[in-house]
Amino acid sequence: MILEALEREGVEYVFGYPGGANLPLYQHLHEHPRLKHILVRHEQGAAHMADGYARACGKPGVVFATSGPGALNLVTGLCTAYMDSVPMVAITGQVASTQVGRDAFQESDVIGATSSVTKHSYLVTKIDQLPRVIHEAFHIATTGRPGPVLIDVCKDVQQAEAERVTPDRLQIAGYRLNGHVDLGEASRAARALAEAERPVILAGHGVILSHAEPQLQELAEAAATPVGTTLLGIGAFPVRHPLSLHMTGFMGTGWNLKAVQNADVLMMVGMRVDDRVTARLADFAPRVKTFIHVDIDGSEMGKNVRPHIELVADAKQALAAMTPHVGPVQKDRGRWLSQIDAWREEHPLRYKHSNGRLQPQDVLLDMYRRADNRAIVVADVGQNQIWAALWWNYDRPGLFINSGGAGTMGFALPASLGAKFARPDLPVWCVAGEGGFVMTAQELSVAVEHQLDVKIVILNNFSLGMVRQFQDDFYGGVRSHVDLTHSPDFVKLAEAYGLPARRVERLEDVAPALDAAERTRGPFLVDFRIDPEANVYPIVPLGKSLNEFWEAPEA
Amino acid sequence: MSQIRVLSLEVEDAPNTLTKVSGAIRRRGFHVRGISVGPSRHAGRFRLTLQVDHGHAEADQVRKQLERLVEVVEVEDLTGDEVHSRELVVANVATSDVDALVRLGAKVLSGTTVEFSGERDEVGAFIDELHRHGIVDVARSGPVVMRRA
Ligand SMILES: Cc1ncc(C[n+]2csc(CCOP(=O)(O)OP(=O)(O)O)c2C)c(N)n1
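In order, the protein sequences belong to chains B and Y. Just so you know, we're using this note's numbering here: the first sequence kicks off at -4 and counts up by one. Just so you know, we're using this note's numbering here: the second sequence kicks off at 1368 and counts up by one.
Treat the hints loosely; a few may be bogus.
Claimed, not checked - Label-pair distances were calculated between CB atoms; the ranges are:
hint : chain 1 : residue 1 : chain 2 : residue 2 : range
1    : Y       : R1393     : B       : A506      : 41 to 47 Å
2    : B       : D278      : Y       : H1398     : 48 to 54 Å
3    : B       : P281      : Y       : E1489     : 46 to 52 Å
4    : Y       : P1382     : B       : H27       : 25 to 31 Å
5    : B       : G15       : Y       : E1443     : 54 to 60 Å
6    : B       : V486      : Y       : H1423     : 48 to 54 Å
7    : B       : N173      : Y       : V1505     : 41 to 47 Å
8    : B       : L360      : Y       : E1443     : 53 to 59 Å
9    : B       : G517      : Y       : E1443     : 22 to 28 Å
10   : B       : G471      : Y       : E1489     : 54 to 60 Å
By construction, these hints were calculated from the structure, which means they are not laboratory data. Glycine included, each C-beta is placed from N, C-alpha and C at the ideal position.
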């Protein structure tokens, strides 16, 4: 019954792991050849794979896990998807309904453990609830502000026979969708941007989720307003567009931060305005007279920054409603735009490439030249993530995938495999530090088993680089438990799993290694031994305002 | 300024509803000061009245966060004066002068056990009075609130 329902929802892939409480489900999988089940090697891997799949193609990722430890292994993956509003449906086995509450073998309160990291969840104790619940779950996961939905299905329900029923039309009294755009507010917002002296737009993941990139570009061009993105909003606006401010936030570009801190009107679209974006909240965008906030989730309004104009609506509809009302643009706008150009010159992205050691940027820039803006990059968490965000000109949405809100190390490898399942037509690069890579390295088996054409780039700096940098810069230079010199030999590790690999220590070996990776069909791993002292810049020291960013030392 | 919001929720009668409501309140750093639950006019739904301290968050965040829950069908903010807000107290008192309490509006349930209902301040004043008589045991409900007609 569950499997049929999944077919009806158009599910193509299921990422899962069997166990006692979901055996009835697995017993019948082979009768549903349209559902391709991918056996992961750890349930966290399943959740991240489903997440990468969903981010790469927009369809919800589907996960199976058994009760107790199986379901609890999903928690980090659910949290990652929840923080980044990724549509996902997780179906977990639960002990038989007659056993619930008796501390049965592998029983745990999965709903309780996951309710703060899911958009919604269901415990199914009777077969007649099932068709409605599954249909609702997909609806809730994919509409409005998307997110993961968990369905905990008691084992006896999985085994029960029932008549085939098609679920009724959806009627979920407590589920409201905000779509309606307040046209008055939209035109006020448009006029505020046009009349401003120093307007800025910041775009978040919501723009990408609502496919509002064309509407964003139209509005920005009509109102001659520069656009920056959040880490998750990368791709919402072409980095090479003349109005682009690139990435914002405490590791954003210098010209972006200057623009935000000097703006008089700031419009934030499809974003949560979290502490990584604002740095010290009291000093965030201090010259702004009018904050405009557009988000589909009304609870974001005023959660961190109180807007003067708010639109609780889908980004695409809201932006489309604004553009016709832009009208004449403030006549001195050229001055603001040339001021930003001056900041761009004054605070460029730069890195030190003169000390004879391999720099991460050397690797990324070579990769970027090959990718020609049609490869997906899935980054892990840490320095590697920020380098991959800044040293690549993402001009289209969906090409940069990473765990922004949760910052989950170990995300990249499984998510990149999920992305490849979703988009077999695009090259997929996985970029990770050696610390995060080993957290989910067991999923290499999945890459090999399915001969997934994913190129794995380890930026190996022999330490928990981002933490090491924080300790050096903000915690008195005391390096405490960040040393990773006892990592495995990644080339041998790859070979043990059955995929080819190379190690690169010098600049001149970067291109040949990447050539080999590109020539190889199937997975390939390169262990780049980078400068262990390489740092991420710009960076705003913890607790400081965005004005106080540090820049890279002169090249 | 008061940090307390009074909210009336219509919620689904589902096994996880209370967990989800209290989880959302805790996760956002809010704090429950009073609660009462009972059936609502709709079959399959409950009426939940909450007094919530919203801490450092904007006052309206409590309502917005609760509205996000699928189990929550409707939230009405009843903070302010234009409401009837009733609480109930049942007490067993160590006095033979129960009549004095009756004169204050209490009703005798049996022997020295009385009940009293009223606005929050009235119930507070009544309990102060009980202290003077000596309390053996006392139970007090959360508020039940309705907008004034
Ligand atoms: C699961 C998890 N644990 C801990 C952290 C805290 N953390 C953030 S970045 C980082 C260092 C990552 O090191 P590495 O994977 O080697 O990448 P690098 O920063 O060196 O590129 C750590 C430990 C985290 N984000 N996720």
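Between the beta carbons of P1382 (chain Y) and H27 (chain B), is the distance compatible with 25 to 31 Å?
This hint holds: roughly 30 Å between Cβ atoms.
R1393 (chain Y) and A506 (chain B), beta-carbon distance inside 41 to 47 Å?
Hint violated: Cβ distance 54 Å, outside 41 to 47 Å.
I want to verify a distance hint. Is the separation of the beta carbons of G517 (chain B) and E1443 (chain Y) within 22 to 28 Å?
violated, 59 Å
Is 53 to 59 Å a correct range for the gap between the Cβ atoms of L360 (chain B) and E1443 (chain Y)?
Holds: the Cβ-Cβ distance is about 57 Å, inside 53 to 59 Å.
CB of V486 (chain B) to CB of H1423 (chain Y), is that within 48 to 54 Å?
Given a distance of about 51 Å, which is inside 48 to 54 Å, the answer is holds.
Using the Cβ atoms, figure out if G15 (chain B) sits within 54 to 60 Å of E1443 (chain Y).
Hint violated: Cβ distance 45 Å, outside 54 to 60 Å.
Mind checking the hinted window 41 to 47 Å against the Cβ distance between N173 (chain B) and V1505 (chain Y)?
holds, 45 Å
Take a look at whether the Cβ-Cβ distance between G471 (chain B) and E1489 (chain Y) falls inside 54 to 60 Å.
Since G471 (chain B) and E1489 (chain Y) have Cβ atoms about 58 Å apart, the given range 54 to 60 Å holds.
Taking the beta carbons of P281 (chain B) and E1489 (chain Y), is their distance inside 46 to 52 Å?
holds, 48 Å
Quick one: are D278 (chain B) and H1398 (chain Y) within 48 to 54 Å, going by C-beta?
Given about 29 Å between the Cβ atoms, the range is violated.
Hint violations for this structure: numbers 1, 2, 5 and 9, all remaining hints satisfied.
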